[in-house]
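All chains should be built: construct the whole structure from the sequences, respecting the hints.
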Amino acid sequence: MSKKIWGFVMGERFRIAAVMVTPVIFTAHATLDGLLGALLFDELQDVDAAHAAIPLRSTDGLFHASAARLLAVTTARKIGFIAGLRASHDIALDQIERNKHGEPHKALGLARRSDFGNVANAYTVHAATVIEWTAEGDGDRVIELLQGVHAIGKRRNAGFGEVLNWHIEQADDDGVVGIDGRVLRPIPVEILGPGYSDVAADAGWRPAYWNPRHRAACYVPSGRIEFAVTEEAASA
Amino acid sequence: MNTYAFFMDHFGRHLLRPTGDNLVDTERVLNMSFTNRAGKPQRLAAGWAVVSPRGSRLQLDIPAQGIETGAAGTRFDAFAAALREPLPAMLLAFDKKPLGIDQLFVTYDLRSVRVCTKDGGETFDLAADPVGMYHRNIRKVMQ
Chain A
2 MSKKIWGFVM
12 GERFRIAAVM
22 VTPVIFTAHA
32 TLDGLLGALL
42 FDELQDVDAA
52 HAAIPLRSTD
62 GLFHASAARL
72 LAVTTARKIG
82 FIAGLRASHD
92 IALDQIERNK
102 HGEPHKALGL
112 ARRSDFGNVA
122 NAYTVHAATV
132 IEWTAEGDGD
142 RVIELLQGVH
152 AIGKRRNAGF
162 GEVLNWHIEQ
172 ADDDGVVGID
182 GRVLRPIPVE
192 ILGPGYSDVA
202 ADAGWRPAYW
212 NPRHRAACYV
222 PSGRIEFAVT
232 EEAASA
Chain B
-7 MNTYAFFMDH
3 FGRHLLRPTG
13 DNLVDTERVL
23 NMSFTNRAGK
33 PQRLAAGWAV
43 VSPRGSRLQL
53 DIPAQGIETG
63 AAGTRFDAFA
73 AALREPLPAM
83 LLAFDKKPLG
93 IDQLFVTYDL
103 RSVRVCTKDG
113 GETFDLAADP
123 VGMYHRNIRK
133 VMQ
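Going down the list, the sequences are from chains A and B.
Counted from 1, the first sequence has number 131 at position 130 by our numbering; the numbering is strictly sequential.
Counted from 1, the second sequence has number 39 at position 47 by our numbering; the numbering is strictly sequential.
Only true hints are included.
Ranges of calculated distance between the beta carbons of each label pair, as one might list FRET restraints:
#	chain 1	residue 1	chain 2	residue 2	range
1	B	M24	A	A39	26 to 36 Å
2	A	A39	B	A(-3)	25 to 35 Å
3	A	N158	B	R5	40 to 50 Å
4	A	D47	B	D87	33 to 43 Å
5	A	D181	B	R5	38 to 48 Å
6	B	R20	A	G81	29 to 39 Å
7	B	Q57	A	D61	36 to 46 Å
8	A	N122	B	P122	18 to 28 Å
9	A	G81	B	A30	39 to 49 Å
10	B	D13	A	G62	19 to 29 Å
In short, the hints are calculated from the structure, not lab data.
Heads up, the beta-carbon is just placed ideally off N, CA and C, and yes, glycines get one too.
What follows is the structure, given as structure tokens:
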């Protein structure tokens, strides 16, 4: 079956590409279904409804959508952030452990922040020209959802992961296993069966990816980052 | 098998009576207080554990049946020994604050070894050049 998408006659298999402005931070495989699920959650405010509305084909809960592939990466480096609770902000008492009198164990104040103080986080930042996904499903709806997305990944409010624009085109693979036989996303070993040379790891394989109940032994894609060959490296 | 089913099947069920909800039971094991052989309460807040279908090991010396407790050796010795055997295994390093359930990962492949720590852990390809502290020390023990 084919249909018209953005002026092109498209099959159900498509490639989505995000042209990046700033470096991106991904802490997991960043599958397309995960991204779309988060967008739909913003719209629907219901986790189950959001996942049911993801416009991609799925088999036994496994979406036909690849992990993010970072193309033409020029740098990959660690970057640190300090996150701190503001003592001047109110915190709901039910979020703080209380003593037998019903009062918080620790007083949060400007002079005594103690356990509520700063937390250091380190992330790997990739400067990629393009990030791409392949998938199978309703490309029209997917690109419609993504058109309103101007940043992806973590620390978007700090300027990371800014997207210039989105492109869609026809693809050969279904976003699950590539034409070279390598997995393109986390797939439970129980679903795919033995005999794959891909790395096996403990990973989330369906949305919500933050839910620990959705983790299992999976084949996961490796080498999903394609480094740009610089003139310096090429001449070495 | 889910991460928490693995943890409870090979480790947790020897330390508490399971309720059937592996996620809840795992969280209880990680946060509960055990009585050590000296009669003092102690949590999984120091030392190490290796969770494996071939027999789990815990450095903390508490009375428990079905797992080896009071196991000798450093965490690097224990993790290196586990990685010499067939996988899967879960490598747990305890350090003051209890591990969170989202910090537990099973290692299935030497190309993606995960040491679980309170800070989220260290993941590495065992054959690659060591970068992190656990990778470097495990490789030292294995040489």
